[in-house]
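**Q** Turn these sequences into a full structure, and let the hints guide you.
210 is the number that the working numbering gives to position 209 of the sequence shown; each next residue is one higher, with no gaps.
It should be emphasised that the hints constitute simulated quantities derived from the structure, not laboratory data.
One or more of the hints may lead you astray.
[Said to hold, decoys possible] DEER-style ranges, computed between Cβ atoms:
{"no.": "1", "residue 1": "105", "residue 2": "62", "range": "27 to 35 Å"}
{"no.": "2", "residue 1": "155", "residue 2": "183", "range": "39 to 47 Å"}
{"no.": "3", "residue 1": "233", "residue 2": "155", "range": "38 to 46 Å"}
{"no.": "4", "residue 1": "89", "residue 2": "142", "range": "46 to 54 Å"}
{"no.": "5", "residue 1": "237", "residue 2": "62", "range": "16 to 24 Å"}
{"no.": "6", "residue 1": "59", "residue 2": "236", "range": "30 to 38 Å"}
{"no.": "7", "residue 1": "256", "residue 2": "112", "range": "17 to 25 Å"}
{"no.": "8", "residue 1": "139", "residue 2": "105", "range": "44 to 52 Å"}
{"no.": "9", "residue 1": "233", "residue 2": "203", "range": "46 to 54 Å"}
{"no.": "10", "residue 1": "89", "residue 2": "296", "range": "47 to 55 Å"}
{"no.": "11", "residue 1": "245", "residue 2": "136", "range": "34 to 42 Å"}
Backbone N, C-alpha and C fix where the C-beta goes; we use that ideal spot for every residue, glycine too.
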Amino acid sequence: MQQAFYIAIFLFELLPVVYGQSNSARPNQTARQHPTADRPSKQKSSQRRYLTVPLDLAQTNLGADFLGHNIAVVFEAVKNSPALSKKSEFESTASFELRRSSFSKRPLFANVTPKGELAFVIENSTLGSEFKYDADLATLVITLTGSTNRFLLEEDQPTLDAVPIRRVKTGRDSYVGSNVYGASAKVDRTYSDEFGVAFGMDSWLFRSSHDDGPVVGDGVDDIERRFSDLLAMGPEEAKALKPNATLLLVCRLTEPWYRAGAHGHDPTFSEPYETTVGERYLQIIPDQLWVFDKRTGEVVRKLSERSGPGGNPGTKHPELLHLR
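**A** What follows is the structure in structure tokens.
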């Protein structure tokens, strides 16, 4: 998801805008890097109840309005863990390695541990989950979309599969920009933190995915990755389920535990907006993908590597993890 906003590309027909005087101060950087758990409303945050224990894999009903774990809180707990801080010049290598190894033995917060099963609800359909009903085949098509992401800000600059889970807007302002010809335009600027998960490209989740070309959006270099499955049901049942159908990614943390990056969009006269998105990604091993009804909490399907290849609609899966 690394974006070409680091590189100035001057196309005559686009007439890119260069920065002008901002109408308001840029949001405090520290505040953007450490978002509160449940923005944007304190009133809403008091009503939201996230998991504070590992997910029980045997559950068949999660309860109404299930939220899973708060990925922003999990990320901050991992990133700020004393066990993962950098080696001091006054710390021996043996002590450093012992401290690092202790990370997986300590709770992140409450009863959530690095070795426990985490459950992340993919909250917004625009971030990667989609449900479409095919009346001719009497099936609900379940799709999870991700993309490849090269984390250029990391020392090893890995290319991983990534699934965004949640995006939090942290600030906005505007300014008047102009180009070398003297033309000017108002530019709206937003800052966001994007929380998600990253994992190896050999994972079962996207193993059968075809590279469908660049993703339309901020990350022009991203390659789309896709998992699909079919759920047989009649039209009335599908009509009731579809508005409330939700994907839950069940996973475990793995080293190096988290990844950080950034991407965004440079303003042009045809698209006079600027975005800066800080990437806050957990490194994980995907274990299962659940489909549940957020209204009732009923889990209608559980998928895993053992239940058959992903990204292949029409595949008949064993009943090992399926609930229907």
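**Q** Please write out, lowest number first, the hints stated earlier that are contradicted by the structure.
**A** As far as the earlier hints go, 9, 11 are violated by this structure, in ascending order.
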